[in-house]
Amino acid sequence: MRDSYILYKENLHGEYKETFDKIELYILAQNIDVDSREERLGELLDIFISAQEDEKPVRKIVGNDLENFCKTFCFDLGVKSKLVDFLGSLKIFVIFELICSLFDLVPDPEENISFWARKVDSDIFLFASIMVFSLLVGYTANFLLCKLMFKYRKLKITLLKTLSVLSSCVCLAVSFVLVAKGEFPLLSCPVWLPPLMCILYLALYYTFKNKRRKERKAEKVSIADVASKEYTKDLDKIMQKKFDKLNKRNVRKGKGELNFSEFLKIQEDECIKAANMRWIYYLTPPALTTIIYFSSDYESLMDRIIFIIILLTAQYWGISLGLKLSKMQIEETQKWIEEKRNESNFK
Amino acid sequence: MDDSQLLRGILEGCILSIISKEETYGYKILSELENLGFDNVFESTLYPIITRLEKKQFVCCRREKSPFGPTRKYYSITKAGEDFLSEFKNNYKKITSSAEAILFEVNHNER
Chain G
1 MRDSYILYKE NLHGEYKETF DKIELYILAQ NIDVDSREER LGELLDIFIS
51 AQEDEKPVRK IVGNDLENFC KTFCFDLGVK SKLVDFLGSL KIFVIFELIC
101 SLFDLVPDPE ENISFWARKV DSDIFLFASI MVFSLLVGYT ANFLLCKLMF
151 KYRKLKITLL KTLSVLSSCV CLAVSFVLVA KGEFPLLSCP VWLPPLMCIL
201 YLALYYTFKN KRRKERKAEK VSIADVASKE YTKDLDKIMQ KKFDKLNKRN
251 VRKGKGELNF SEFLKIQEDE CIKAANMRWI YYLTPPALTT IIYFSSDYES
301 LMDRIIFIII LLTAQYWGIS LGLKLSKMQI EETQKWIEEK RNESNFK
Chain S
1 MDDSQLLRGI LEGCILSIIS KEETYGYKIL SELENLGFDN VFESTLYPII
51 TRLEKKQFVC CRREKSPFGP TRKYYSITKA GEDFLSEFKN NYKKITSSAE
101 AILFEVNHNE R
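Chains G and S, in that order, give the protein sequences.
Residues 1 to 347 in this note's numbering are what the first sequence lists, from first letter to last.
Residues 1 to 111 in this note's numbering are what the second sequence lists, from first letter to last.
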């Protein structure tokens, strides 16, 4: 992931935080691509924090008319930026459709039809229409949001954000329910057409998004680094709460209270135990997949294979992320224990 | 009187001149403009001007993490920018001396 400005927003307080939140909401509602958004808001955040440190009033940076500031700040946003955002919104769906349509390319051994003559009942057109319609509803909601947020100044930021996201989700949900009920027919098309459309779409998206690839690479931080920063920040509080909880439990059970080095020893043992038990998580996906596999029906061998591959991939991806985070937590806790031991030895 | 028309013409040159002194960044440019008397120049004005200068390759930028965390863009002037700035200063001198002569009725001989 990138080193986003969002990680540093907490440094703002008072009128700076309030003003930045409004500007951020306005820019989010412009439907521009992530790079442009990150660049603008990152620079603005840096200026805001610097001005806050110098104790300047926020109107020295944005002037007295926030609406005018936002309009001027976004004046030069081009069509290309909005196009990249639109294409990017459907990217995950297109990648998913590409994977599914590639499996359709595998011929059935019992069929005797040439590759170019083979047809498939594809849902790509249907789902593409649903996604585009949901996006349009979202864009309309964002447009109204930009108009309302300055006209009705007392409207809370969270309410506006929620309404915008909710409108798209409701539209998407209603569409999927109608599809599940069979209200929309599937279209028959050549088997090579859906993957070709997906590849062309992705080629178009990555061509437009090619800008600043090196800089984006340099700005990347791992999720573990971000989580580590957040975890370390609160580690003293977390450990203090644990220590108090353990002692309350001991007192309730009639045992004596722990001293701090005993508590550190317990935490160290827990870290070692957690590190040694991590291999168990790798066993969960095959077990879960087996249970789900035997409780479902499949039309063909290919369907079974696709199901297993997708389910296992999703589970292992989730588990590897979870294990990275847990490894980070164990390492940070061990560092913290070491630090506290060194402090007490020094005393 | 709304001075935005007058500002529009000279702000690009002023910002480029600030950048030409040393490598600098957005907040520092805004602060310097404020110290020099440009009270009504805000980030919304500065950002598009600097973006335009970058597109014309009069300034180049490098990205670095600021002391406060977010990525900060540091701007420095290019050769093309220096040539443009020199031309701008000559044009500015020519126009302002003529304008002064008209507005403040400075005698050509005294000049």
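No wet-lab data here; the hints were simulated from the structure.
Among the hints, a few may not be true.
Stated by the list, open to error - If you anchor each label on the Cβ, the simulated ranges turn out as follows:
no., chain 1, residue 1, chain 2, residue 2, range
1, S, Arg62, G, Phe208, 18 to 28 Å
2, S, Glu64, G, Ser188, 53 to 63 Å
3, G, Tyr206, S, Gln57, 37 to 47 Å
Here a beta-carbon is modelled for each residue, glycine too, at the ideal position from N, C-alpha and C.
> Falls inside 37 to 47 Å, the C-beta gap from tyrosine 206 (chain G) to glutamine 57 (chain S)?
Replying inline: violated (25 Å)
> Are glutamate 64 (chain S) and serine 188 (chain G) spaced within 53 to 63 Å by their CB atoms?
Replying inline: Taking Cβ atoms as reference, glutamate 64 (chain S) and serine 188 (chain G) lie about 56 Å apart, which means the hint holds.
>> Looking only at beta-carbon atoms, does the pair arginine 62 (chain S), phenylalanine 208 (chain G) fall within the given range of 18 to 28 Å?
In response: holds (24 Å)
Going down the numbered hints, you'll see the structure goes against just number 3.
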